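Peer 1: Residues per chain are reported as follows:
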Amino acid sequence: MSTMKINDHCELFQGAEYQEQFEKKKEFERPWPEEKVKEVSDWTKTEEYKELNFARQNIKINPAKACQPLGAVFCASGFEGSMPFVQGAQGCVAYFRSHLSRHFKEPFAAISTSMTEDAAVFGGLNNMLEGLENAYALYHPKMLAVSTTCMAEVIGDDLNAYIKTAREKGAIPNDLPVPFAHTPSFVGSHIVGYDNMLKGILKDLSAGQKKEPNGRVNIIPGFDTYTGNYHELKRLMAIMGIAFTLLSDVSDTFDSPNTGEYKLYPGGTPLSEAKDAVNALGTIALQKYSTVKTLEYIRKEWDRKAFTATPIGIRNTDIFFEELSKLTGKPIPAAIETERGRAVDAMVDSHPYVHGKRFAMVGDPDMLLGMISLIMEMGGRPVHIVCTNGDKHFEADAAELLASSPFGADGKVYAGKDMWHLRSLLFTEPVDLLVGNSYAKFLVADTGTPLIRVGFPLFDRHHLHRQPIIGYQGALNLVTMIVNKVLDEMDRKTMHSASFDVIR
Amino acid sequence: MSTSIKDTQKMIEEVLEAYPEKSKKDRAKHLAANDPTGQCSACQVKSNIKSRPGVMTVRGCAYAGAKGVVWGPVKDQITISHGPIGCGQYSWWSRRNYYNGQTGIDTFGTMHITTDFQEKNIVYGGDKGLDAALHELKGLFPLAKGIGILSECPVGLIGDDIEAVSKKVAKEFEYPIVPVRCEGFRGVSQSLGHHIANDTIKDYVLGKGTLDTSTPYDVALIGDYNIGGDAWASRRILEEMGLRVISQYTGDSTVNEIGIANKAKLNLIHCYRSMNYICRHMEEEYGIPWMEFNFFGPTKTYDSIRKIAARFDEKIQNNAEALIAKYKPLMDRIVEQYRPNLEGKKVMLYVGGLRPRHTIGAYEDLGMEVVASGYEFGHNDDYKRTYPEMKEGAVIMDDATLYELEEFTRRLKPDMVGSGIKEKYSYHKLGVPFRQMHSWDYSGPYHGFDGFPVFARDMDMTVNSPTWDLIRRKK
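Protein chains in written order, with the numbering used here: chain B, 1 to 504; chain Y, 1001 to 1475.
Since the hints were derived computationally from the structure, they do not count as laboratory data.
According to the in silico footprint, chain B covers these stretches of chain Y (three or more CB under 8 angstroms from chain B):
{"no.": "1", "segment": "1072–1086"}
{"no.": "2", "segment": "1130–1142"}
Not everything, but these chain Y residues come out facing chain B in the computed CB check (under 10 angstroms):
{"no.": "3", "residue": "LYS1022"}
{"no.": "4", "residue": "SER1023"}
{"no.": "5", "residue": "THR1057"}
{"no.": "6", "residue": "ARG1096"}
{"no.": "7", "residue": "ASN1100"}
{"no.": "8", "residue": "PHE1117"}
{"no.": "9", "residue": "GLU1239"}
{"no.": "10", "residue": "VAL1255"}
{"no.": "11", "residue": "TYR1425"}
These figures come from a predicted structure and were not determined experimentally.
Yeah, the Cβ is synthetic: ideal placement off N, Cα and C, and Gly gets one too.
Between the sequences and the hints, there should be enough to build the whole structure, so can you do that?
Peer 2: Below, the structure is given as C-alpha cells:
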C-alpha cells in the first residue's frame, strides 16, 4: 500500500515555488496595477454597477439555461429501446452527452447525423438517410427519436419528409417508430425541447391507439434531473395503489445498477404503455413549463384531463395527492399521511434556523416555484428569484405565489436575467442563503453567500440527484439540506468564539 | 506480415462486420494493426475525414476546438459564444484551464458569456446585437484586454459579417476584437477549429504585445492549456533549466503574452495537433525554430529536457543535467512505489491532441503497456508519430465509435482505459477501470516532475480500487 504523500493541484500551487513563479510571470502578462483591480472590483459591488448591469439587453453573462435539443435527447432517452437521434452538426451531440454524464455520472448515448458544409448547401437528407441506417444496424434501437440542432433548423430540414424517404428507401424498417420534433436552440430552452420531443413521441406512438379508458394515470415528470424523484414517485404510486405510466421514465437511463454489463437501453417507459397512454384516465404533469405544449396536445387531441401539480413542499404535495385522489377515486392512504406528519414534524423542529432567513435562488421555473413555496412554509423569505428561462407567465405565477404569504413580501422575480445580474443583487441587497446549481458556486466565491445545491446541473457534488426532492420525503430532504447548511455556516463563523455550540 | 499484425487485422474485420456496407468500407480505413517500422502499407490509418452519420462518433466541432481549446483559456480576454445558448453552456469551464486572476474583474476564464440568439437574430441577423453587446461588455468589464467572438453554427449560415463589426469596434475600443469563424459545421472535427483559432491569433494578436527586454534564453511554451495546472508544472522545469518563458499558449495566458511569442528564441510545443500552425507561421515569418517535447513520465521528461538544452549553451546544458540529477531520486521512488502495483497492466487509450502518443512513455515507466490507442481528431502526421511508440500488432483507431470501443474492449481485455467523459461511465458499468485523459478526471497536473507522482497515484487508484471487486459480474 502507498505511504508517500502525493501533492496534487490542490496543494502544489499554494507552495512558495509556484507562488514565486506566478509573481514572476506577471512581467509578461502585463496585468493592471493591483489598486486598479481593487477599484474596479469594489465598483462592481455598487448600486451604480447594478444599474449598468441591469441595463444590458444584448448579452447574457452566466445564464442558467441550456438549449432545446438537450431537453429533447433527455426526454427521448426515457423510453424502452429508444435512441435519441439528432439531425445537425455533430459537436452538439458530443456536448449533450458530456453535459448529462457530468451531472448523473452515468453513460449517455445519442446519435448525430454529423452534418457539415455540404449539408449546409444541399440540405441534410443524405445525412439523415445514412444516419438512420447506421444507427439501426449498430445500436438496434426499438425507436429512434429525432430532434434537431440549430444548423438543421436554419437550413430548414424537413424531418417529416426525410423520415418518410428513409422508410421508402429501406434505411429503416417500416414498423420502427421514428417520432420527431423540431427543436431550434434559438427558441426557448432545454425545457421547451423536452416538451416538443415528448409531444412528438406521444403523437407518434398514440396514433390509432385510442380505445376505452384503461384506468391508468399518466405522470409526466418534466425535465426532472433527480433520479431519486422517479424512484420516489414509483414508491408513492405503489402505496396509493394507482396503476400509472411515467412519460418519460429516465430513471434507469440515469441510474442503472452496476452488474459488469453496459446496457445501451437499461429501461425506460415500455413502448406498449406509451402507446396506451392515450387511454389513461388523465395526465398529471409535475412541471408546468416543460409540458405546456404536451398538455395542450393531450387535452385537445386525446380529449383527456391533463393538469399540473408540482409536489415540492408540503402544501404542493398535499395538492398533488388530493388531485390524484380526485382523478382516480382512490383515498389517500394513512401511510402517506404519516409521511406528511414526519416531514412537518422535522420542519417544526428546524424552523428557528430558517425563519426570517433571506434566500436568493436561480434555476428552472418549476424548481423555483417549488422552492419558493417550501421556503415560505419554513418561515424563510425568498428575496431574489432569478430565472433565465422564465417568461411573463412564470413571472406572474411566482409573483402570485409570493403574494400568498407574508414571507413572500420581500420577493422579487427576475425572468430572463442571469447569474451576473444575481451577483449584483447579492452585493446590493445581501441574503443569507443561495439556492442554485453548481455554477452558482462562482457567486459563493464572489459574494460569500452559502450555496444549497438544488437544480441542474449538479457537477461538483456527488449523488445529490439520487435523493428525492418531491413528495413529503423530498420536503424532508430539502429541509435537511437547508437547515444543515445554516448550521454549517454558523459553525464556520463561530468556530473560535463562545457561540460554537454543540447542541443546536 | 507478422502474426501479431495478422491477428489484430482479423479482429478488426470481425468488429467491422456489424456495419452496413458503405460505412464498413469507410471505417476499415480508420482501424489498423500497428507496424512500428512503417513498412506495412495496410497498417496506416486514414484520418481527418468526415465521420459517418449515425455511428456515434465521439468527436466534437470546430467551435469546441477554437473556443474550448485555443481561445477559451486566454484569461484577460472576454470570450463570447456568439449564437444560441447551448454551446457556451456545455463548454462552460469544463476543460479546467487553470489561471490566476480575479474573475469578472481582470480575468474571465470561468465565465459563460453569450449573445443568446433568438429567432429574431436568425431572421434579421445578429450583427447589430453583437455591436451593442460589445459595448455593454466594455462598460461592465473595463479591464478586459480584448474580446473574442466565437461563432456558432447559425452565424455562418445566415451570412452575418462579424468581421466588419469587429473591425469597427476594435478601432473604438483600441484593443483586439477577434472574430473567429469556428461554426460547428465547418470541417470534420475540433481540429479545424484549432487551425481557425491559430489563424486568428496570427491575424489579430501576434506581434502586438510588449516585451521590455530580451535574453538569449527566451522561449515560448506552446500548446499547453494548463489543465489542472500542467503548464505551470512544465514552466517550473523550463525555468529551473535557466530558460525564460515569455509566453504560454494558451493556458493561463494573457493577450500580451499571445502577442509576444514572436520574440522567443525557440518555440516549445507540447500539443502539436492544436498549435503546430502558429509555430510554422512564426518559423516562416520570424525565423523562430520550434521543437516538440514531451513532459509525461520521467523517461520522456529527461529526454526532452536534454533535447531542449541541446538547443542552448553549456550553461543551460549543465543546468539540465543538474535538474535531472535533482529530481531523479524522487522519480525513482515514485516508480519503486507504484510499479509493482501496475507492472504488466494493459492500457487502451482513445483521446485527442497529443495524449494518445505522449502518455505512452509515462505508462511504460510504470511497467504498463498501451495495447490500443487512437485519436478523435488526429491527422496523418499524428499517426506517423504514434506508430513507432507502440508495439507491433497494437490497435490503432481513428475517430472510433462507441460500438468499436466496446468491441475492442471485449476482445483486448485492457486492465484500464483512458478516454473522455462520454466514455467514462459505460466503462464503469462494464467494470473496466477508467480514467478521463482529457481532464485528468479533475486531478492533475500530469506534466513534469510535479505531475508524474500525481499521474502514478491516479493510475494506481484506477487500476487497484477495491470497488471493482464489489461488482457482481454475470458468469
